[in-house]
Amino acid sequence: MRIGIKYCGGCNESYKREMIEEILKRELKNCQFFYSNNADLIVCISGCKKGCAAEKVSGNFVHFDEWVGENKVLTKIKTKLSELLRS
Amino acid sequence: MMNGKQYIESLRKLKPRIYFMGRKIESVADDPVLAPHVNAAAMTYELAFDPRYEDIITATSHLTGEKINRFTHIHQSTEDLVKKVRMLRLLGQKTGSCFQRCVGCDAINALYITSYDIDKKYGTEYHERVKEYIKYVQKEDLMPAGAMTDVKGDRSKRPSQQVDKDLYVRIVEKREDGIIVRGAKAHITGAVNSHEIIVMPTRALEADEKEYAVAFAVPVDAEGVTMIFGRQTNDLRRLDGDVDCGNAKYATVGGEALIIFEDVFVPWERVFMCGEYDFASQLVEVFATFHRQNYGGCKVGVADVLIGATANVAEMQGIAKAPHVIDKITEMIHLAETCWCCSLACSYEGYKTPSGAYMPNPLLANVTKLNITRFPYEWSRLAQDVTGGIVITLPSEKDYRNPETRKLIDKYLKGVADVPTEHRIRMIRLVENLSIGAELPESMHGAGSPQAQKIMIARRSNLEMKKEMAKIIAGIKPDEHFKRIRGISEEEFFSKLK
Chain E
1 MRIGIKYCGG CNESYKREMI EEILKRELKN CQFFYSNNAD LIVCISGCKK
51 GCAAEKVSGN FVHFDEWVGE NKVLTKIKTK LSELLRS
Chain W
88 MMNGKQYIES LRKLKPRIYF MGRKIESVAD DPVLAPHVNA AAMTYELAFD
138 PRYEDIITAT SHLTGEKINR FTHIHQSTED LVKKVRMLRL LGQKTGSCFQ
188 RCVGCDAINA LYITSYDIDK KYGTEYHERV KEYIKYVQKE DLMPAGAMTD
238 VKGDRSKRPS QQVDKDLYVR IVEKREDGII VRGAKAHITG AVNSHEIIVM
288 PTRALEADEK EYAVAFAVPV DAEGVTMIFG RQTNDLRRLD GDVDCGNAKY
338 ATVGGEALII FEDVFVPWER VFMCGEYDFA SQLVEVFATF HRQNYGGCKV
388 GVADVLIGAT ANVAEMQGIA KAPHVIDKIT EMIHLAETCW CCSLACSYEG
438 YKTPSGAYMP NPLLANVTKL NITRFPYEWS RLAQDVTGGI VITLPSEKDY
488 RNPETRKLID KYLKGVADVP TEHRIRMIRL VENLSIGAEL PESMHGAGSP
538 QAQKIMIARR SNLEMKKEMA KIIAGIKPDE HFKRIRGISE EEFFSKLK
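Chains as they are written, first to last, in this note's numbering: chain E, 1 to 87; chain W, 88 to 585.
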């Protein structure tokens with residue numbers, strides 16, 4: 001599975017956005033990660049509720065705009081990946 | 088939609104129980120003390136029919152597709168949030184006062200967002216009720232008052248710890264057809280000339296405080312509702328003519344009332360929260376965010392009038408070209424526009440909530456309001472400085488109307504030769520009205536006192552991240568970008584300099 005990571009511009013983050021990328025790379029070892037929209041799933045990482053990372057994204061994506069804790073990050077991604085695999 | 092005249096007529100059909108100065112108010116629309124507040128609210132209706140302003144004052148309902156007054160709208164985009172504050176500045180300019188209707192607008196938006204989240208967690212049906220209520224408000228073009236602040240009693244104690252349990256509005260009985268509520272809400276802007284009252288909790292609540300977790304709407308003349316209209320500095324000048332008030336047509340600030348609920352029945356279709364204590368803080372925070380967003384709009388509109396009044400006084404007194412006067416008026420403009428920037432910023436930085444409605448950026452909305460607890464004091468100080476001591480020593484309108492003293496006042500209080508003395512007096516009274524009295528404490532405490540904003544700002548800003556940034560810049564933590572820019576580590580780079 002190819003996962004594209006798309007960050008917002010990071011002008012005034014309310015949490016450390018890189019934590020999400022670190023968790024994904026650590027826990028999803030079978031996936032390939034790119035900084036590109038050309039992927040099976042795009043993970044949009046916004047630093048705040050404005051949600052700039054997801055503004056022009058369509059297709060299969062998940063979006064984080066606040067720190068929700070490691071478990072919720074993984075659950076959200078894994079749920080989406082399961083949906084994609086089923087389809 | 089109603090126009091201004093129809094709004095005033097609609098108030099005459101209601102029979103709210105209101106007291107002021109020891110007497111019962113017979114007609115809110117016609118009472119000389121309350122009428123200016125009614126006129127200010129009526130402006131929110133009237134401008135919706137003026138083609139020069141309707142683009143800002145009206146919106147399209149996402150619920151019905153109908154054209155509605157923006158004060159009944161649920162914001163569907165950041166552009167809607169921006170148009171809201173543009174509308175507030177415009178109305179501040181047109182009334183030089185508080186037009187009161189934003190509170191209800193903020194209440195329906197906060198309920199819309201929060202009820203959606205409550206339903207998602209508990210499977211309740213509040214959101215549908217809120218939507219139906221909003222459709223009713225939009226169709227009838229109603230003005231609901233937003234009632235949040237409880238009377239609170241002993242501030243060191245939680246609602247459940249108060250000796251008198253009624254010091255926070257609470258549910259005293261649940262029935263098959265609805266609930267019975269008791270308590271009181273304080274400082275409620277525009278309550279006496281609203282059609283409805285929307286009640287919300289005032290603070291975060293705990294599991295043993297479910298009876299206080301209540302949000303609902305009732306008509307202003309519901310059985311058991313009593314309002315006691317609050318005094319303002321110089322309020323009875325309204326009975327003396329049209330000069331001494333300064334703003335005889337639209338009054339100053341909103342006209343606030345203490346609302347008492349003595350076992351008021353609320354049917355279930357108007358109950359929007361009933362025991363979900365864990366959502367009380369969200370409802371308070373969302374409402375506060377909307378309401379704090381406003382203040383760089385409405386107060387700046389009023390400041391525009393004060394700046395104009397100050398500049399007029401300067402001209403009428405022959406000091407308009409003095410460099411220090413130009414500087415002071417420019418400083419007033421700077422302060423006002425800074426607050427405007429804040430309102431625009433928190434609106435443009437707004438975002439979509441799970442309900443689909445948009446809300447402003449909470450951190451920036453709180454910054455907006457915190458500035459309003461300070462800057463109006465400074466622009467008022469400057470207005471008083473430019474105007475001079477006469478702002479508090481002018482003779483009364485009655486003396487001006489008395490032929491015995493009028494000729495003396497006309498002669499000796501003359502400014503520049505081509506301006507009638509009465510014009511100078513009227514303008515100074517306007518400066519007095521806008522810079523002394525209820526206007527300033529309203530800036531301080533309306534939408535929450537400064538400490539409430541400080542708490543939100545501290546909570547919403549990322550201090551740890553700022554500490555991290557400082558450590559990187561100070562050379563305590565590694566700077567990954569510096570290494571990429573120079574191709575070597577900081578240590579290697581600086582060792583070459585030593």
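A portion of the hints provided could be inaccurate.
[To be verified] List time: in silico DSSO-like cross-link candidates among lysine-lysine, alpha-carbon distance up to 27 Å:
hint, chain 1, residue 1, chain 2, residue 2
1, W, K261, W, K207
2, E, K80, W, K207
3, E, K78, E, K29
4, W, K170, E, K49
5, W, K154, W, K208
6, E, K16, W, K583
7, E, K78, W, K208
8, W, K218, E, K25
9, E, K16, W, K218
10, E, K16, W, K439
11, E, K29, E, K80
12, W, K541, W, K501
13, W, K558, E, K80
14, W, K154, E, K16
15, W, K261, E, K78
16, W, K558, W, K541
What the hints contain is simulated information worked out from the structure, not anything from laboratory work.
Comparing the hints with the structure gives:
no.: 1; hint: W/K261 / W/K207; result: holds (23 Å)
no.: 2; hint: E/K80 / W/K207; result: holds (20 Å)
no.: 3; hint: E/K78 / E/K29; result: holds (13 Å)
no.: 4; hint: W/K170 / E/K49; result: holds (20 Å)
no.: 5; hint: W/K154 / W/K208; result: violated (33 Å)
no.: 6; hint: E/K16 / W/K583; result: violated (33 Å)
no.: 7; hint: E/K78 / W/K208; result: holds (22 Å)
no.: 8; hint: W/K218 / E/K25; result: violated (43 Å)
no.: 9; hint: E/K16 / W/K218; result: violated (37 Å)
no.: 10; hint: E/K16 / W/K439; result: holds (22 Å)
no.: 11; hint: E/K29 / E/K80; result: holds (16 Å)
no.: 12; hint: W/K541 / W/K501; result: violated (47 Å)
no.: 13; hint: W/K558 / E/K80; result: violated (37 Å)
no.: 14; hint: W/K154 / E/K16; result: violated (43 Å)
no.: 15; hint: W/K261 / E/K78; result: violated (43 Å)
no.: 16; hint: W/K558 / W/K541; result: holds (25 Å)
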